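**Q** Now for the letters of each chain:
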Amino acid sequence: GQQVMQIPQYQHVQEGEDFTTYCNSSTTLSNIQWYKQRPGGHPVFLIQLVKSGEVKKQKRLTFQFGEAKKNSSLHITATQTTDVGTYFCSTSGTYKYIFGTGTRLKVLA
Amino acid sequence: DTAVSQTPKYLVTQMGNDKSIKCEQNLGHDTMYWYKQDSKKFLKIMFSYNNKELIINETVPNRFSPKSPDKAHLNLHINSLELGDSAVYFCASSQEYLNTGELFFGEGSRLTVL
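Residue numbers (our numbering), protein chains in the order written: chain A, 1 to 109; chain B, 1001 to 1114.
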């Protein structure tokens, strides 16, 4: 079945540093979503990208969809302790969302 | 008012027992899902239902039996629990035709099998 890999698996950063997680697929994706899961919480939707080369921003978060629609990235500028959590990419088909392996972010104050 | 609610939040039980998790959504969505999140945080789809009909069954053992009495409810019954069933089970819902890509998750039910 379709698989979506994320790197890195873990990332520790000092507060104020930038952070990037990457999502890769061997097949072309029709869309990509990003979710954040706080420790002990549930995944919460952040954004969806559907167009080749698309870039979207939400405050300190920048999301990109690759030109070939096989990869995506989430970049956080100047991390804060509130950014702690696991970030997942996902891709959806009919009645099915496949999640990436996730990147766990720790922010050291 | 919680959009997707699951009960119970925690279950601790012995191997071989049977347990159920209930899920309800008040968003008016047509599609509901069960996901399993293991200790490594991998989120794996188990089932999806659309308007009470089973759409996806991701090679889940038949000890797991979902039931959707109406489109707002999707319950999960697990027979003969095994150690490997220990995980957090998330219910989710979406409205497919909107194409927003947004899944709404419940808070999760943490199952521990001893």
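No lab work stands behind these hints, which were simulated from the structure alone.
One or more hints might be untrue.
Claimed, not checked - Only pairs whose alpha carbons sit at most 20 Å apart, straight line, appear in this in silico SDA-like list of lysine to any residue: (1) LYS1040/B with LYS51/A; (2) LYS1041/B with ARG38/A; (3) LYS1044/B with GLN3/A; (4) LYS56/A with GLY1101/B; (5) LYS51/A with GLU1096/B; (6) LYS1040/B with ASN24/A; (7) LYS1071/B with THR1007/B; (8) LYS1041/B with GLY41/A; (9) LYS56/A with LYS1044/B; (10) LYS106/A with PHE1042/B; (11) LYS1044/B with SER26/A; (12) LYS1040/B with THR101/A; (13) LYS36/A with LYS1071/B.
For clarity, every value in this text was computed on a predicted model and none was experimentally measured.
**Q** Does each hint hold? Answer for all of them.
**A** Evaluated hints:
With a C-alpha separation of about 31 Å, the suggested pairing of LYS1040/B with LYS51/A is violated against the 20 Å cut-off. Distance restraint check for LYS1041/B and ARG38/A: the Cα-Cα separation of roughly 12 Å lies within the 20 Å cut-off, and the hinted pair is therefore satisfied. A C-alpha spacing of about 11 Å is found between LYS1044/B and GLN3/A, which places the hinted pair at or below 20 Å, so the restraint holds. As the CA atoms of LYS56/A and GLY1101/B are separated by approximately 15 Å, the hinted pair is consistent with the 20 Å bound.
Distance check on the hinted pair: LYS51/A and GLU1096/B sit about 19 Å apart at the alpha-carbon level, within 20 Å; holds. Distance hint between LYS1040/B and ASN24/A is fulfilled; the C-alpha atoms sit about 19 Å from each other, no more than 20 Å. In summary, the hint linking LYS1071/B to THR1007/B is supported, as the alpha carbons are separated by about 17 Å, within the 20 Å threshold. Simply put, LYS1041/B and GLY41/A have alpha-carbon atoms about 12 Å apart, close enough for the 20 Å limit, and the pair holds.
For the given pair, LYS56/A sits about 27 Å from LYS1044/B by alpha-carbon distance, which is inconsistent with the 20 Å threshold. Between LYS106/A and PHE1042/B, the direct Cα distance comes to roughly 18 Å. Compliance with the 20 Å bound is thereby established for this hinted pair. Our distance criterion of 20 Å between C-alpha atoms is met by LYS1044/B and SER26/A, whose separation comes to about 19 Å. At roughly 9 Å between alpha-carbon atoms, LYS1040/B and THR101/A fall within 20 Å of each other, so this suggested pair holds.
Note on LYS36/A and LYS1071/B: the hinted pairing is violated, with a Cα-Cα distance of about 26 Å set against a maximum of 20 Å.
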